[in-house]
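Put the two chains together into one complex, using the hints given.
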Amino acid sequence: MPDALIIGLSALQAQQRSMEVTSHNIANVATPGYSRQRSELSSPVPENGSPGQRGRGVDVVAIRRLSDGLLTEQIRKSSTEEGRLGLTSQTLDAMQAVFNEPGESSLSGAVNSLFSVFQQLSNNPESPGIRAAAVEEVKTLTQIINGMGQRLEDLRNDLGSQLSLEASAINGLTKQIASLNSEIRRQVATGSEPNDLLDQREQLMNELSGHIDLRVRIDPVTQAALVESSGRLIVNADKSVNVQVGSSLDDLSLVFSDSGESLRASSGKVGALLTLHATTIPAVIDRIDALAQTIAFEMNAVHAVGVNADSRIDRFLSQTIIAGNQLDVDLDSITQAQGDNLGAGIPEPFLPRFTDINGVSQARDLTINVRNDATGIATKYIIRYEPGAGATPAGRSLQNLIDVVNTGSGGGFSLQPPQAGIPGLTATAIPVDGGVRLELRAANGSSLDFSRALDTRPSAEAWNAGWTGPAVDLKGRYTGNLAYDPANQWRMDVVTGGVIGDATAPPVVSFTWFEDVAGSPVARTTTTTLDATFRAGKPVPIGDGTYLTFASGSLIAGQSLDLMVDGNPDQARLLSALGINTLFQGADARTLTIADPIRADPSRLAVGQSRVDGDNSNILSMLGLRNRAIMPGGVTTDEYLTTMVADVGSQVDLTKRLDSNQSAVRAALDNRRDKVSGVSIDEEVGNLILQQQAYTAAARIITTAQENIRTLLDLLG
Amino acid sequence: MERIASNTLSRNVLIANQGSLSRLTDLQLQLATGKRINKPSDDPVGIRQSLRLRAESLKSDDYQANIDSSIAFLNTADSALSGMTALLQETKALAVQGGNDTLDAAARAALSAQVDNALKRLVDLGNTQHDGRYVFAGAATTTKPFALSAAGDQVDYSGAQEDFSVQISPASTSSVSQVGSALFQQPADMFQALIDLRDALAANDGNAIRLMIGEIDAAHDQVVDQFGELGGRQQRLELTQNQLIDVQINLDELVSQIEDADFAEVIAKFQAGQIALQAGLQAGARVSQQTLLDYLQ
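Chains as they are written, first to last, in this note's numbering: chain A, 1 to 717; chain B, 1001 to 1297.
Keep in mind the hints are simulated off the structure, nothing from the lab. Computed from a predicted structure; not experimentally measured. Take these hints with a grain of salt, some might be off.
[To be verified] Derived SDA-like pairs (lysine to any residue); straight-line CA-CA distance at most 20 Å:
(1) B/Lys1144 <-> A/Lys77
(2) A/Lys656 <-> B/Asn1038
(3) B/Lys1144 <-> A/Asp613
(4) B/Lys1092 <-> B/Ala1203
(5) A/Lys175 <-> A/Gly260
(6) B/Lys1035 <-> A/Ser105
(7) B/Lys1144 <-> B/Asp1124
(8) A/Lys656 <-> B/Pro1044
(9) A/Lys656 <-> B/Gly1046
(10) A/Lys139 <-> A/Ala94
(11) A/Lys675 <-> B/Val1013
(12) B/Lys1035 <-> A/Glu104
(13) A/Lys656 <-> A/Ala94
(14) A/Lys675 <-> B/Val1287
(15) A/Lys656 <-> B/Thr1025
(16) A/Lys675 <-> A/Leu66
(17) B/Lys1035 <-> B/Ala1268
(18) A/Lys675 <-> B/Gln1028
(19) A/Lys77 <-> A/Ser67
(20) B/Lys1035 <-> A/Gly103
Only chain B is shown next, with the shape it has when bound in the complex (with noise of 0.2 Å):
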């Protein structure tokens, strides 16, 4: 038979409840903070997934956002466009009418009069702005990008050459805010459309302003094809807004799942652990305090 030393027990007793009380505090830690890490060494492995994963949504954040302020800066560019194209086919059917040779010089002075506040009206859609920024201006999204000449001749593009754009993922990059005069000026230039046929109809020259029939609806094609590609770029950004929600909520649900405590758990382990530790030092109690020296006179 072993001998017991009294030292033994007690130390025993010490050992076994420092552990519980430990294990307990480390529960305890996870009730209050709701998260399961809470320093590095609690998962080395969980915590490197988690910091990871939460980079990766916030940056999916980062790129919703440039998405959002991107979507509602082409709306913008959108609604322009539309008032482009209504103002072409109006234009257009002033050249019609204009092309009529039964009118006289007064009349075609009229309709001269009308093309050119088209045109001004067409120069202002050119410089819409969203939220203060012009939206056909290329990276250069404070300067003006459209502006008729002195001499009223030409329609001048002051604008960057460059688009303005923004991240909406690791690897791609979108146009926000696009190059004016390759929109509108190249290579049909409906600005251009729009004075020679003001300064045809002034000149009451029925040839050139039957000409500029074509010119007119060459621009209006290039200004639907642009309308068209709009659309699509919205699209596009709209599919990778999706996809990026899709992902983050994904990934949102593994950080939780990684990092977050499950309370269920937890409570039944603390409970466990309580029973635990109240049943060490209850038997504790007991056990040290009977020596033989409780049953002698």
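Bound-form chain A, shown alone (with noise of 0.2 Å):
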């Protein structure tokens, strides 16, 4: 009767074996990554005997790890997409903290009010207080600007730190991967089961998928993982390859530490990073960098060629360093080192404009105007630029500009009317760190200005010949946009002689002019007799809201004056380039502040373009920039501003539905993963009762064939 005996015993045992492996499911009931496991029980293989076969109890053939290989893999791409959008959507959640839209304190919000502003100061543009308010608007925007930039740069420098927390926490993972791999297969080769093992390392890799794109491979015989990553075995049985964040500061990479090859994240985390770093995040900067170059170019152009009443400046340094070694460099070719903004040269979006959109040089002009102060009386000098006829321009660098205003001619500048150099005015390039100002100065007694303000004097004495006839003046301000010889070119002849205002004989003149019909010059002949009506000191009409005036005198027959009018005063934009007379100074985003002079002294806010005290028109100038399509792609500011809040609200939006949906994915995978693998507490107490049950009954077993083989040993006592 021994055979009760073992049979009783191999049951205890195996009982006890199944009790423990249900006992350490329901300690791991919370354990992350876990997988039930079983007690597989078989019959050994019975003896032969007669009659039938004698059965030889019960044997743990194997505690089995239940689990769906499939799913797994599932999980672990779902792990990588999960790491991709979670970080991508908050890093962008900060992105859009940065807008600060909807709000007053936001870009849209100061844009408003400086629009604002400047509508107060069109009411009041002599008005000191309103002035310094503008300028103040001036300076909150540039302020939001700067904080805007300041803050994207920061969020993606960020990203960098974040990276080289990615390469620890990877390599820490693919370590512990590869010595889990070294574990399991000694386990393996000595014939044990690491079931929990197993699931570690399994845990470990759904991780390691949250930061990278993987593929696993397990090797059958040895049970250990291949792990693979752009196409590189990061893990590969007991050994795991470092990866370290790429030495480039600008572009963002992760490198293997043994090769230097970059790992090419594609998704995970680590691939969020990459692509935000590389991607999105420059993206918004651009268009902020565009906005705030775009905003400054504009107003610089318009503020440049403004003047105020009583302004009374007689030197103009230019805020742009040109590098001592390029003063013989053509202008349009010294573009400032990028992300150099201390560097010199001109920032590229300010470059000035002295060739056509098929890169063809143009005849361009620049207006100076020189004032005496003590009689007011402004002339008008245009410095124009001919590009010559050779297969090279003619030159058009910074000293060829201080030449012609010193000397009257320098590449290819010249003055108009010709003469040697500008009376009353000294170009000069001062050093500076890092290279040369240009300084324009006026005479002791003289300022400058560079509007399109008529000459209140014109035709200086100097060079119409000829002329006895009283003091002219040119009033009003002229509303066309003409600025080419001969449209910006006209004279006034006298037709008859007499003493101007006579009832009997009074005098005639002749206008020939150009009117600006849609932009084109159209030739114009007005004949004004200068009778009573026209009497000394009453405005002639000549066109385009320009006015002659005489002094009383008589005029003779035959004489000419030429006139100068001017609808365009820096075509080539060389003042903004320069930094002349500019309301912002800087080269994007980051750097954008208002112009250093007015920041000194804001009565230089030049609100108009005629040395008339209540003039507005360069305030109303800018105010249409507002409605203007000058934004890229050919949109206003306001809807530019608006595209650009918009655009990032919907990929913050796209992105969190897209990170829920991933995580509605993954709660469901992990569901699926729990039917096949989870523990069950209700199964596993079933199971207890059943093998508890089972025990006691073995125990009961082994008691009874006690009792036989005492009934027996009795017998024999």
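Below is the structure:
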């Protein structure tokens, strides 16, 4: 009868082992990544006997781990996607916060406030208080743009430090996986089943796949996991490869420490970091830069040719610094080095325009008005650039510009009318750190501006021989936009002589001029009899907003006067490029500020285009920019801004939706995994009861067997 | 039958409750701020519209402020012009009276003094100011436009030849201060008419005096014309003002529709969300407590 004892013993051992497995399952009900285990029971090969075969009890043949290989792979893929979307969504949220919309202290709020205060200024252009308030609003706008530019840049740089955290997390995980691999292999070789280690390794690979996208292969013999990413085995059995952040600060990358090759993660947290750093955030920074640059460029171009009634500026110093060795380089070729805002050169968007859209050099005019402050007489000088006939266009360097002011010619520049330099004006290259600044200095007692204001005393006696008549003044505001010879060269001829304002024999004058008809010059001749209606001091209309007044005296038939108007004082936008009389300075969103001279003296905010004391026309021109499609893509500032905000908003919205969608997918996958691998306490307790009963019964068998033996022994006794 | 693992239950409860909680947080923010859109991602299409409409509304505010100050300015100009017409009528009566050859030199000299007085008042009216700025000086609003010359034989204009204007809509500007010389000195010169009348009366020249009646009439008619034109401008401004107000009411309504939370709706959703969260929490608490162990001794 010893068989019953042996059978009972095998049952006791098997049930005890099973109860251990059940307890282990219950103990790990909440362990992440744990797969439930099951003891596989089987009856051993029976002994042959007669009659029938004799059973030999029960054996625990294996402790099986219940897991679904296909599902684990799907879960890893889902982790990768979850890592990417989660991090992207968080970062985009932070990016959206930079915009601070909707709100008063946002960029759109600052743009609204700026234009609003400019409207007030247009009502009271002479008010120093409102001018100071306008300067403050300009400062607020630049500070908000600076803040946004800086915070976006910070956000981008933070991604670099996050990436180094990623690298150490990845290195930690691959190292652990490799060491688990060697442990698992050892145990498999000795024929045991490292179930818990397999679970741990799977969990680690799940974690790893949140960081980078993986391909995993399990060696069927050794059970070692081979983990591949970016075409490289990062875990090969018991060896792992370390990764580290690439050395370039500008192009963020993750490289393998041994080979230096980069790990091209397309997904996972690392993939998200690389994409955000290389594309997503720079794209937004570019848009804010473009906004800052366009506002600055357009406003500067208007401001540079503005002037105030009380402006007595006798010295302009360019904000732009030109490197000393580039004095002879064409101004439109001196680009400021990218990212080097302190360096010399012209920020690329502000380069002067000497060429048309086909890159062919064109003639360009720049007007300089020199005004005698004592008499109030202003004289208009035009610096003309002609590209010349040869294949290489004539020079247009800073030195050429300095020469034409001082001597009357320099490279392709010449003076209109031709003369040996602009009287009373000196141009100098002032050495400063990193290069030179251009200084334009007027002689004592005179001041400078670049406005389209008319010559108050035209055709300085110097260049119109034979004029002996009374003093003549040009008045009004030229409303046309014509700038080129001959469109801006007008002329008055005295047809009939006589005393101005005489009732009986008044003089007759005729004006030859060009009307601006939708931008094209149309030759006109206007004849006016200077009778009592136009006596001395009364304005005689010419056209396009211009008038002439005569002092008292008489005109002689055959005399003539050349008059000059100028609808576009700075055609090449040289002043914006050099930073002379501009409203803003700086190269991009982070560096944009109000120009130093205006910061120091708000009265230099140029409200007019002539020296008439209530002239608000320059403010009106700046206000007009708001309704013009000046932004890249041919839209207005408001549209550009709202589109940018809406785009950021929909990016965030989309990513959030994808992210929550991905979470739902992940939850469904986890639930499916749990159906196979998850521990159910009810089930385990049910099993436990069965196993306990089996154990009790087995014990009973042994007791019975023992009793049987005792009965036998008693018989013998 | 499917196996349900113990984890599944708690995971599902957690996910459902987190969803409810995050929806409640959103709704609570809407209730606290009164805004449906608190950040661009709340409604990317809506924020685009609301930012654009808000900018339009603020622009409209600015235009209205410009129109208000223009209308006040024009009202001052209006009363100056009506003073001028009265003065010119008065002067015409003096000219008719002076043209009667029965008057002797002394009587005409007395009339001449009256005309001179009227001339000075007329120049004063030409220099009318509104809020410290001359209304007939064109853009040169701080320059006194009219002055009698030292010799007293003409009135010189030293204002600007361009109007002072402000924006009243995206595409149009309105002149506020006008060029005085164009109003009063061309083609008829009302100052010169008075100066000539004064001199003719002083010179006791009956023919010349009678000739001036026509001149004064012409000057008077010119001022009346300006009067009418000014009235037209005021009307146009008021019309634009009304349009702007109408449009702005619409704009503000639209902005509010897009941006503002509908309290009734949000509160209803909030309550529904609260109930869902509570139900979820309670069900979760009950179900996850129960295992087979509860029923074993």
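Hints versus structure:
For the suggested pair B/Lys1144 and A/Lys77, the alpha carbons sit about 82 Å apart, so the restraint of at most 20 Å is broken. Taking the CA atoms of A/Lys656 and B/Asn1038, the gap is about 16 Å. The hint holds against a cut of 20 Å. Under the criterion of a C-alpha separation no larger than 20 Å, the hint pairing B/Lys1144 with A/Asp613 is consistent with the structure, at around 11 Å. Our distance criterion of 20 Å between C-alpha atoms is met by B/Lys1092 and B/Ala1203, whose separation comes to about 18 Å.
For the given pair, A/Lys175 sits about 19 Å from A/Gly260 by alpha-carbon distance, which is consistent with the 20 Å threshold. In summary, the hint linking B/Lys1035 to A/Ser105 is supported, as the alpha carbons are separated by about 17 Å, within the 20 Å threshold. Our distance criterion of 20 Å between C-alpha atoms is met by B/Lys1144 and B/Asp1124, whose separation comes to about 10 Å. Proximity of A/Lys656 to B/Pro1044 is assessed by CA-CA distance (about 13 Å); at most 20 Å being required, the pair is judged to hold.
For the given pair, A/Lys656 sits about 17 Å from B/Gly1046 by alpha-carbon distance, which is consistent with the 20 Å threshold. Restraint check for A/Lys139 and A/Ala94: not satisfied, since their Cα atoms lie roughly 25 Å apart, outside the 20 Å limit. For the proposed pair A/Lys675 and B/Val1013, the alpha carbon gap of about 17 Å is at most 20 Å, so the pair holds. Of the supplied pair hints, the one linking B/Lys1035 and A/Glu104 holds, its CA atoms being roughly 14 Å apart against a limit of 20 Å.
At roughly 13 Å between alpha-carbon atoms, A/Lys656 and A/Ala94 fall within 20 Å of each other, so this suggested pair holds. Between A/Lys675 and B/Val1287 the alpha-carbon distance is near 18 Å, which keeps this suggested pair within the 20 Å criterion. At most 20 Å may separate the alpha-carbon atoms for a hinted pair to count; A/Lys656 and B/Thr1025 meet this at roughly 16 Å. Between A/Lys675 and A/Leu66 the CA atoms are separated by roughly 10 Å; this keeps the pair inside 20 Å, and the hint holds.
A threshold of 20 Å between alpha carbons decides the hint, and for B/Lys1035 with B/Ala1268 the separation of about 16 Å falls inside it, so the pair holds. With a C-alpha separation of about 37 Å, the suggested pairing of A/Lys675 with B/Gln1028 is violated against the 20 Å cut-off. Taken as a hint, the A/Lys77 and A/Ser67 pair is honoured in the structure, with Cα atoms around 17 Å apart against an allowance of 20 Å. About 11 Å separates the Cα atoms of B/Lys1035 and A/Gly103, which keeps this hinted pair within 20 Å; it holds.
In the structure shown, a violation is registered for the earlier hints numbered 1, 10, 18, in ascending order.
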